[in-house]
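Asker: Since chain A is already given, all that's left is putting chain B on it; use the hints.
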Amino acid sequence: MTDLAPLRRALLSVSDKTGLIDLGRALAAQGVELLSTGGSAKALRDAGLEVRDVADVTGFPEMMDGRVKTLHPVVHGGLLARRDLEGHRDAMVDHNIGPIDLLVVNLYPFEETVAKGADFDTCIENIDIGGPAMIRSAAKNHAFVTVVTDVEDYDVVLAELDANDGQTTLALRQRLAQTAYARTAAYDTAVSTWMAVAIGADQPRRRSFSGTFKQTMRYGENSHQRAAFYTDGTGRPGVATAVQHQRHRCGL
Amino acid sequence: MSRRRYSINDTDAAFELVAEFDPAEGPAVAIIKHANPCGVARGETLAEAYTNAFDCDRTSAFGGIVALNQPLDEATAKAIVEIFTEVVIAPGASDAAKAVFAAKKNLRLLTTDDLPDVKAPITTYRQVAGGMLVQDKDTGFVGIDDLKVVTKIAPTDGQMADLLFAWKVAKHVKSNAIVYVKDEATVGVGAGQMSRVDSALIAAKKAKRMAEAMGLSVPLTKGSAVASDAFFPFADGLMEAAGAGATCVIQPGGSMRDDEVIAAADEAGIAMVFTGMRHFRH
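Listed in order, the protein sequences are those of chains A and B. Take the first sequence: its position 143, counting from 1, is numbered 143 in the numbering used here, and each next residue is one higher. Numbering-wise, the numbering used here comes out as the position in the second sequence, counting from 1, plus 1000.
This is chain A alone, in the form it adopts within the complex (with noise of 0.2 Å):
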């Protein structure tokens, strides 16, 4: 069995629009169909790409002001279908679910609501959970599904496609859905932070840290160890944030 996957359909749906019309003309040209939801369906729309609303494939609209929009079994089945079943590709077609193999998501920046000052119910209802849901879905489901939650992942996935005649291979889906779990995380990380300080729990029974790489280190405190610099997002002038202007040339 090889482990290129085929790209038949892909959904996008993003709060950062950086790349977003590249990445949509680059699959369109691909024969890529382009599924979308509301401000990014609108952005790929403008520049002219033939997009199908969610809306419109669920057969269901938006309601509950967004809450409920990507979370029908038509979204999650075409995410998490395991294609190399006889008995999920007969309920996929039973129940008129057609394949999700690209899922390109990131989640609206709930930090920056609450940098914002924002008050405890409009951060509530800042959190995302139909995106978290969906990367979640594509991320298990990584065998078949590729998951992009960041815009920096864009070009890897555009140059495989490229390579592979329009698929991508299972080592570029695991590192995906790897990046993607820990997204999520951090996301909830964010959450639950921001919720434990708004509720005043000193100290909650549990909470979590997250970090993004930022840089490999040549070693860590001795040449044996392996180490590496992740940042935590809160952009704390110092050693995190600072530029070097020169790099050693020599031992010592």
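Wrong hints could be hidden among the right ones.
Unchecked claim - Facing chain A, from chain B, some residues (calculated, C-beta under 10 Å):
{"no.": "1", "residue": "G1131"}
{"no.": "2", "residue": "D1138"}
{"no.": "3", "residue": "A1268"}
Unchecked claim - Between beta-carbon pairs, the in silico distance windows are:
{"no.": "4", "chain 1": "A", "residue 1": "V156", "chain 2": "B", "residue 2": "V1149", "range": "49 to 55 Å"}
{"no.": "5", "chain 1": "B", "residue 1": "K1152", "chain 2": "A", "residue 2": "R207", "range": "57 to 63 Å"}
{"no.": "6", "chain 1": "B", "residue 1": "V1149", "chain 2": "A", "residue 2": "H245", "range": "26 to 32 Å"}
{"no.": "7", "chain 1": "B", "residue 1": "I1153", "chain 2": "A", "residue 2": "R207", "range": "53 to 59 Å"}
{"no.": "8", "chain 1": "B", "residue 1": "I1153", "chain 2": "A", "residue 2": "Q246", "range": "52 to 58 Å"}
{"no.": "9", "chain 1": "B", "residue 1": "G1092", "chain 2": "A", "residue 2": "Q246", "range": "52 to 58 Å"}
{"no.": "10", "chain 1": "B", "residue 1": "A1213", "chain 2": "A", "residue 2": "A201", "range": "20 to 26 Å"}
{"no.": "11", "chain 1": "A", "residue 1": "S15", "chain 2": "B", "residue 2": "G1092", "range": "33 to 39 Å"}
In short, the hints are calculated from the structure, not lab data. Backbone N, C-alpha and C define an ideal beta-carbon position, used for all residues, glycine too.
Answerer: Okay, now just chain B, sitting in the frame of chain A:
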């Protein structure tokens, strides 16, 4: 839930250090203060190992954390309660030992099921402003076959045992670390100094003070083995150790001035081995 009134950091440092000493090779004890060892020793019995560790720096051991590589027994418990000790951590404790501790209200006894595997790969996280340094735990290890003798004279078997002992301890001492060892017991520990020569000096000074307190005619650094957690950048650190009476040295090597350091060792009639591995600890 019990309230922890002891230092997590110091207790962790103590147990991770003592776990370097395989219980199958005999009892070992480490006494820690502010995350640095102020005494580490083996002994025929656990109680003897404790006494040997205690004799390295009795002043600093006061209010320390004691870690054992074997379950606490009654004799060791009795030796420990002779001074104020904050925490004892061991892979188990006998009922008789617990009874000895029961009267000591300010002494915390912690027991575990086992010793940690010091060679198991683990990822460590160190928080800094705005981020986190993620690195492999220092599981570096050197055996006798990894050592390179660089001086005219080679260490004897007894010296070699002390050198390897000192090297294991140095790995757990904050840099710059200089550790003097005699008969598988530390006799002087210099920790956390910004210059290596100062660490060597402080360790020797502590040994001298202990010798006076114990009524010894010469400090135990006389005829000792000494470990340096990183290379000597100059000969001065090595000369300091030689002056304190060290007769053999273990260090990574790799300095631009290794030749000078080796020449100084030969001049002083010292045996020196290189590990090729550094153990900075911060």
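Asker: Next, verify each hint and record whether it holds.
Answerer: The hints, checked one at a time:
With a least beta-carbon distance of about 4 Å to chain A, the hint placing G1131 (chain B) at the interface is held under the 10 Å criterion. Restraint check, D1138 (chain B) versus chain A: the minimum CB separation of about 6 Å is within 10 Å; hint holds. At about 26 Å, the closest approach between the beta carbon of A1268 (chain B) and any beta carbon in chain A exceeds 10 Å, and the interface hint on this residue is violated. A hinted range of 49 to 55 Å holds for the C-beta pair V156 (chain A) and V1149 (chain B), which are about 51 Å apart.
With their beta carbons about 58 Å apart, K1152 (chain B) and R207 (chain A) fall inside the hinted range of 57 to 63 Å. Under the hint 26 to 32 Å, the C-beta atoms of V1149 (chain B) and H245 (chain A), about 44 Å apart, miss the expected range. Range check, I1153 (chain B) to R207 (chain A): Cβ separation about 57 Å, and the 53 to 59 Å hint holds. For the pair I1153 (chain B) and Q246 (chain A), the supplied restraint of 52 to 58 Å is violated, since their beta-carbon distance comes to about 45 Å.
Between G1092 (chain B) and Q246 (chain A), the C-beta spacing of about 55 Å keeps the proposed range 52 to 58 Å intact. The hinted range of 20 to 26 Å is not satisfied by A1213 (chain B) and A201 (chain A), whose Cβ atoms lie roughly 51 Å apart. Between S15 (chain A) and G1092 (chain B) the beta carbons are some 54 Å apart, a value that contradicts the proposed interval 33 to 39 Å.
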